[in-house]
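2 protein chains.
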Amino acid sequence: MNNNSSHPLDEALALVPTTDGRLRGRTSELYWNMVGPFGGATAAVMLNSIFQSKERVGDPVALTVNYLSMVKEGEFVIEARLLRSNRTNQHWSILMIQDEGREIVTSAIAIFGARRPTWSLNEAVRPAVGARETYERFQPRNVMRWPLMYDLRYARGDVRQQNDDSITHAWIADAEPRPLDFLSLTAFCDTFLPRIYMRRPLMVPVGTVSLNIYFHADTDGLAAHGTGPVLGVAQGQGFHKGYFDHHGQMWGGEKLLATTQQLVWFKE
Amino acid sequence: MNNNSSHPLDEALALVPTTDGRLRGRTSELYWNMVGPFGGATAAVMLNSIFQSKERVGDPVALTVNYLSMVKEGEFVIEARLLRSNRTNQHWSILMIQDEGREIVTSAIAIFGARRPTWSLNEAVRPAVGARETYERFQPRNVMRWPLMYDLRYARGDVRQQNDDSITHAWIADAEPRPLDFLSLTAFCDTFLPRIYMRRPLMVPVGTVSLNIYFHADTDGLAAHGTGPVLGVAQGQGFHKGYFDHHGQMWGGEKLLATTQQLVWFKE
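As given, the protein sequences belong to chains A and B, one line each in that order. Per this note's numbering, the very first residue in the first sequence carries number 41; after that it's consecutive. Per this note's numbering, the very first residue in the second sequence carries number 41; after that it's consecutive.
Just chain A, same shape as in the assembly:
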């Protein structure tokens, strides 16, 4: 999607065309989670497959990524299928496959649209938080690798203690500065730590099963943002019978760049 190929995110998201019209990529050690890749990198590489297509028209407006099973370390293949191209938008279906075609590990649907000037309004209100520099950078206490790829600073919301709510206000940026685009913004949307750890100090197994993103900014809007941090807001709504959700917003200055939700499986 961009020419900044020396950035580790771009290396992690790199795709090479195969002879049968698909794309081949490889998981990144740098963006590793506990037992598989960081879900934000997986979501971003699914989206990147559309940017590699000559049929792509417009900007992403909606992306839903379902995590079917653990992505294993090593190679994967992505199949992107253009289901329909309309006058104003395109609908895509995307599969990530491993084990020589035997295992579908990630499934997504995406909508791209030609964005045009219209009436405009932010109804969501950006929370008032201090400048990034006034907060400490998050230092992960466990073995996860991917948080080191980000400069995450929490203005509100400490994990692993019993808070009165699960609201997080987080300054999010690539640790090695990189101009914001749809790929990095997609990955940012999955940097929120599991909401259950905000309400309960108990560490239980969790895993995101579905990530949803609506993009409110277009290519020009993201390019104007540059390398500065994004303010991420997230809050869980319900924790019931093995699943909880959260919904969130990504702010670039006063601009609402994206709204995002996810559903997470948990044990106990």
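Note that these hints are calculated values from the structure, not bench results. It is possible that some hints are incorrect.
Straight-line Cα separation of at most 20 Å, EDC-like style, residue types lysine to aspartate or glutamate; simulated pairs [as the list claims (entries may be wrong)]:
(1) B:Lys307 <-> A:Asp99
(2) B:Lys307 <-> A:Glu113
(3) A:Lys307 <-> B:Glu163
(4) A:Lys307 <-> B:Asp99
(5) A:Lys295 <-> A:Glu163
(6) B:Lys295 <-> A:Asp99
(7) A:Lys295 <-> B:Glu163
(8) A:Lys112 <-> A:Glu69
In silico contact screen, one side only, chain B against chain A (beta carbon under 8 Å); selected entries [claimed, not checked]:
(9) Leu303
(10) Trp305
(11) Phe306
Computed from a prediction, not measured in an experiment: that's the story for all the values here. Every residue gets a Cβ at the ideal spot worked out from N, C-alpha and C, and that includes glycine.
Following the hints, complete the assembly by docking chain B onto the known chain A.
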């Protein structure tokens, strides 16, 4: 999904197996919108295709429906594909096809899960509203047919005037009482009128492009609800360059039954 086959919703969602392993259905005049079927009925029939499968295990936990183009009056075929079945969940891909297989008109991905007792918490707060009987039933002023199939009463949020926000608190029920299940709850999630009409009195063309639902209740939880109304909450967050979103909650008494979001295309 249930045996209450005389209810018009069940007639609208009826599916018959084809000889090639797919399902055939037909659009319903009763659930007609302006120029196509009510999107909530389309979403519900996509979900119903999974309930018709012998491979289905568990309850729906996540459903994303992308509306590719106008569903035409008449027959359609649904192809449901089980992408993966894990120990605790199943991942499905669903296509609705018309014109003898030439046009994919709707695409969805869904997750089903085996729900088990766990720690439980509602973080979202149900708004305080009066009893349904204290509000007038919504009478659509235009040609839409589907609102007549519902008993919609707005405790907050009048459409087609310039409100200070787009928050709606709506009592939602089938006009002809029907016990709540995943199909009717899915359709309920699309009964909110477009948020842009809450902020601007101008009537412009709009169309939902993507609907997302996370189910927080399981089969037993919905069955316990019965035929009473659900309280729906919705609010837009951003209206920019041809698209706006909303996010919402569906409450059954004090229980959070579902959280839902959608992205809507608009002109001007």
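Hint check:
no.: 1; hint: B:Lys307 <-> A:Asp99; verdict: holds, 17 Å
no.: 2; hint: B:Lys307 <-> A:Glu113; verdict: violated, 45 Å
no.: 3; hint: A:Lys307 <-> B:Glu163; verdict: holds, 18 Å
no.: 4; hint: A:Lys307 <-> B:Asp99; verdict: holds, 17 Å
no.: 5; hint: A:Lys295 <-> A:Glu163; verdict: holds, 11 Å
no.: 6; hint: B:Lys295 <-> A:Asp99; verdict: violated, 38 Å
no.: 7; hint: A:Lys295 <-> B:Glu163; verdict: violated, 27 Å
no.: 8; hint: A:Lys112 <-> A:Glu69; verdict: holds, 11 Å
no.: 9; hint: Leu303; verdict: holds, 5 Å
no.: 10; hint: Trp305; verdict: holds, 7 Å
no.: 11; hint: Phe306; verdict: holds, 7 Å
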